[in-house]
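Chains as they are written, first to last, in our numbering: chain H, 210 to 642; chain W, 210 to 642.
Everything labelled a hint here was simulated from the structure, so no lab data went into it.
This structure is a prediction, so every number in the text was calculated from the model and none was measured.
Hints may contain errors.
It does not matter which identical chain is meant; a pair holds if it fits inside one copy or across any two.
[Said to hold, decoys possible] Derived DMTMM-like pairs (lysine to aspartate or glutamate); straight-line CA-CA distance at most 25 angstroms:
1) 248 <-> 234
2) 324 <-> 310
3) 605 <-> 542
4) 309 <-> 322
5) 241 <-> 263
6) 410 <-> 329
7) 410 <-> 263
8) 300 <-> 310
9) 312 <-> 293
10) 605 <-> 293
11) 613 <-> 293
12) 410 <-> 548
13) 605 <-> 452
14) 613 <-> 322
15) 260 <-> 406
16) 218 <-> 329
17) 613 <-> 287
18) 300 <-> 322
Here is how the chains run, residue by residue.
2 protein chains.
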Amino acid sequence: MFCWNEETKQAQQAVLTRPAVTASEDIAVRCKAILADVKANGDSALIAMAKKFDNRETPRLVVPVNEINQAEQALSTELKYAIDTAYANVKRFHQAQRPKDIKLSTQPGVLCELKYQAIEAVGIYVPGGSAPLPSSVIMQGVLAQLSGAATVVLATPVQGDASINPAILYAAKLCGITTIIESGGAGAIAAMAYGTESVPKVNKIFGPGNSFVTMAKQLVAQTIPGMAIDMPAGPSEVLVIADERANPEFIAADLLSQAEHGADSQVILLSNCERIIARTEQALTTQLANLSRRDTATKALANSTLILVDSITQAFTVSAEYGPEHLILQLADANPYLDQVKNAGSVFVGDYTPESAGDYASGTNHVLPTYGYSATYSSLNLLDFFRTYTVQTISKNGLRELSKAILPLAAAEGLDAHANAVSIRLEAINNER
Amino acid sequence: MFCWNEETKQAQQAVLTRPAVTASEDIAVRCKAILADVKANGDSALIAMAKKFDNRETPRLVVPVNEINQAEQALSTELKYAIDTAYANVKRFHQAQRPKDIKLSTQPGVLCELKYQAIEAVGIYVPGGSAPLPSSVIMQGVLAQLSGAATVVLATPVQGDASINPAILYAAKLCGITTIIESGGAGAIAAMAYGTESVPKVNKIFGPGNSFVTMAKQLVAQTIPGMAIDMPAGPSEVLVIADERANPEFIAADLLSQAEHGADSQVILLSNCERIIARTEQALTTQLANLSRRDTATKALANSTLILVDSITQAFTVSAEYGPEHLILQLADANPYLDQVKNAGSVFVGDYTPESAGDYASGTNHVLPTYGYSATYSSLNLLDFFRTYTVQTISKNGLRELSKAILPLAAAEGLDAHANAVSIRLEAINNER
Numbered sequence: 210m211f212c213w214n215e216e217t218k219q220a221q222q223a224v225l226t227r228p229a230v231t232a233s234e235d236i237a238v239r240c241k242a243i244l245a246d247v248k249a250n251g252d253s254a255l256i257a258m259a260k261k262f263d264n265r266e267t268p269r270l271v272v273p274v275n276e277i278n279q280a281e282q283a284l285s286t287e288l289k290y291a292i293d294t295a296y297a298n299v300k301r302f303h304q305a306q307r308p309k310d311i312k313l314s315t316q317p318g319v320l321c322e323l324k325y326q327a328i329e330a331v332g333i334y335v336p337g338g339s340a341p342l343p344s345s346v347i348m349q350g351v352l353a354q355l356s357g358a359a360t361v362v363l364a365t366p367v368q369g370d371a372s373i374n375p376a377i378l379y380a381a382k383l384c385g386i387t388t389i390i391e392s393g394g395a396g397a398i399a400a401m402a403y404g405t406e407s408v409p410k411v412n413k414i415f416g417p418g419n420s421f422v423t424m425a426k427q428l429v430a431q432t433i434p435g436m437a438i439d440m441p442a443g444p445s446e447v448l449v450i451a452d453e454r455a456n457p458e459f460i461a462a463d464l465l466s467q468a469e470h471g472a473d474s475q476v477i478l479l480s481n482c483e484r485i486i487a488r489t490e491q492a493l494t495t496q497l498a499n500l501s502r503r504d505t506a507t508k509a510l511a512n513s514t515l516i517l518v519d520s521i522t523q524a525f526t527v528s529a530e531y532g533p534e535h536l537i538l539q540l541a542d543a544n545p546y547l548d549q550v551k552n553a554g555s556v557f558v559g560d561y562t563p564e565s566a567g568d569y570a571s572g573t574n575h576v577l578p579t580y581g582y583s584a585t586y587s588s589l590n591l592l593d594f595f596r597t598y599t600v601q602t603i604s605k606n607g608l609r610e611l612s613k614a615i616l617p618l619a620a621a622e623g624l625d626a627h628a629n630a631v632s633i634r635l636e637a638i639n640n641e642r
Numbered sequence: 210m211f212c213w214n215e216e217t218k219q220a221q222q223a224v225l226t227r228p229a230v231t232a233s234e235d236i237a238v239r240c241k242a243i244l245a246d247v248k249a250n251g252d253s254a255l256i257a258m259a260k261k262f263d264n265r266e267t268p269r270l271v272v273p274v275n276e277i278n279q280a281e282q283a284l285s286t287e288l289k290y291a292i293d294t295a296y297a298n299v300k301r302f303h304q305a306q307r308p309k310d311i312k313l314s315t316q317p318g319v320l321c322e323l324k325y326q327a328i329e330a331v332g333i334y335v336p337g338g339s340a341p342l343p344s345s346v347i348m349q350g351v352l353a354q355l356s357g358a359a360t361v362v363l364a365t366p367v368q369g370d371a372s373i374n375p376a377i378l379y380a381a382k383l384c385g386i387t388t389i390i391e392s393g394g395a396g397a398i399a400a401m402a403y404g405t406e407s408v409p410k411v412n413k414i415f416g417p418g419n420s421f422v423t424m425a426k427q428l429v430a431q432t433i434p435g436m437a438i439d440m441p442a443g444p445s446e447v448l449v450i451a452d453e454r455a456n457p458e459f460i461a462a463d464l465l466s467q468a469e470h471g472a473d474s475q476v477i478l479l480s481n482c483e484r485i486i487a488r489t490e491q492a493l494t495t496q497l498a499n500l501s502r503r504d505t506a507t508k509a510l511a512n513s514t515l516i517l518v519d520s521i522t523q524a525f526t527v528s529a530e531y532g533p534e535h536l537i538l539q540l541a542d543a544n545p546y547l548d549q550v551k552n553a554g555s556v557f558v559g560d561y562t563p564e565s566a567g568d569y570a571s572g573t574n575h576v577l578p579t580y581g582y583s584a585t586y587s588s589l590n591l592l593d594f595f596r597t598y599t600v601q602t603i604s605k606n607g608l609r610e611l612s613k614a615i616l617p618l619a620a621a622e623g624l625d626a627h628a629n630a631v632s633i634r635l636e637a638i639n640n641e642r
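Construct all of the structure, not just a fragment, from the sequences and the given hints.
Quick look at the structure:
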């Protein structure tokens, strides 16, 4: 237990400092080689990588549409219901985020518009690993579908000659995705960024991944003009604020559901009650013993701290300084504090709102800024699949009046040609009379 | 003149290819040294740089507020009116972009919210150079003001012991900016990113600049967790689409108003009429002779092309492929084509809507994605000064029902602790009965 008020400012800062994440120079070099290979050799580079890294023999890169359509037959009723419900809730919440164009005259004859345009081609990466991640398909695929993007590509690795898990395929089908690429890692990112014979080139790449995926996303965003990525990646985090009447078993379960994500996950508890902290520590030990991923969770707990604060108000100050990806409020009444929430990716209010609800099915997005980026970056939302541009239409009279603002500014900034583009039009208007 | 349909696909691509912009390794090395210096030595590093690079003797870094407040006394009536009008129009257009929170139940007992939070501390960089750029203050400062950011810092270089131009100070005053730092280049970016004794640390840095400023912005965004920048930088561009009844003098004036920005600016004309192209070429020569910045404009014209297309529809296809920062439509009736606009930063419709209107005063923002980034990035808008986060509040009954979606997904993804965080609560609910 770390007693906030008894520690120095330095110790306070240290306890909130995240473990440094520095990609090795080696990963950058290897990613650059993979990018160059895929750019030059397209599909054949992807097939060679599938053989080498994923132990595959089949040269297949694209999942046939009938496999996507038939996947649901392999799902249990319960899992199908779960995917359907998660899809519906995520769709409902993100549909409400649909942007509206703006149109107004700033002064007579000067019409200004802000318009939204769906990003034309988007790529979604879904990591492989020990288990399939259908939730990752839903959290990104629904938004692509709602945006109306013309091209949506999903890429995910396959280990050996296994096919892609039907839960992934069914989630993709619900999202209307018909282009699924059996390819992973930096190669898959390169394929979507440059395009290959089988993989359409996209404009923006979404999705989490290992250090190769993260590095490849950064490299394509830095080197290909017009290419964008979703947000900076980092290890997952949760911060729980709990008062004296919170349930330590619930707190421990929430901390562990974050800790099992990865050894680099960080979990923090802030409470104004020493007893709650002590009991949470006990509950962590008990619950940990029964987890299949207890080794991972144990490592993550080593980066993590239970902190005693003076007051719940102080807890919100500390949380704002840390800027957690997930913020769980197990408080008798969180309402008076909600306005004090700052720099959080997603907030879970009350004893019966575990993080796993948002991870899977409540409707909010589970792609969230982490590693301190919640000070500036948004949780993934529908606007991430759109861009805005402006349109202006000015009448002759509008320009005559507006010239009184343009000409002195152009003169002050020493830009003759800017002034001339207006003056030459004013002359034409005067000559018409 | 380049006849689109008579050229190979390769030649077509070549004519739309932007000149490569690669920052030299030398600039990266020098920027890193400046960043480290400012991080370690704060104000004294900035003062040393002001003496070295800006030829200054005075150690002053911060403009006293009374200087900001009194600046308008030095302005001509015309310039004050121009700044007031530009400020009012930009404010009117961006105020309409104010975001609204969203709150809805995705299913009974599952309340989801999307909330907007102003980015707390923002930095605005305004480049120095041969003339002051009050428009750059307005285009960024109004948005910071409308967002309600708690801290707004403006940094701009001063050459020698001259004070900052009163047009800059007055524009800043209108935008409610009280912290103005007399510092430029990578040092100013570092000061806002790390904070110094005089300069508040910010979370997001906006604004154009030279290759040092651009490199410093990239470096702080890559290395400081939570730090963000506005958008990738690149040379300025305009693409004009003109039909057979367009005015070649207007076209030439618009091309030149872009060309005078810098030697690396790119200007393109697409027309379906050979005569218009020939006359525009003549008008360019005539108008160029009278410009104070004709050397710059001449260099820019060397990167630029007048292209004959088959039809106006083809012009829009070519424009979408190029993705211009500014798109000017000098068409008899642009309306039927407006839905074909893709990948443009800002669009100027009709013969009497020159780019300089949007650069200064129509109300739209002049900070726009360039260098192909208009496929994915937005024109600067009010949301760039906000972030979104989500909040969910789930009732006991809500969680019981939602668990049917969460538990099978957690099982499918092999995440026990995620399931446990739900099951442990369901048990508690059942035990209450």
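Structure versus earlier hints - violations, ascending order: When the structure is compared with the hints, none of them turns out to be violated.
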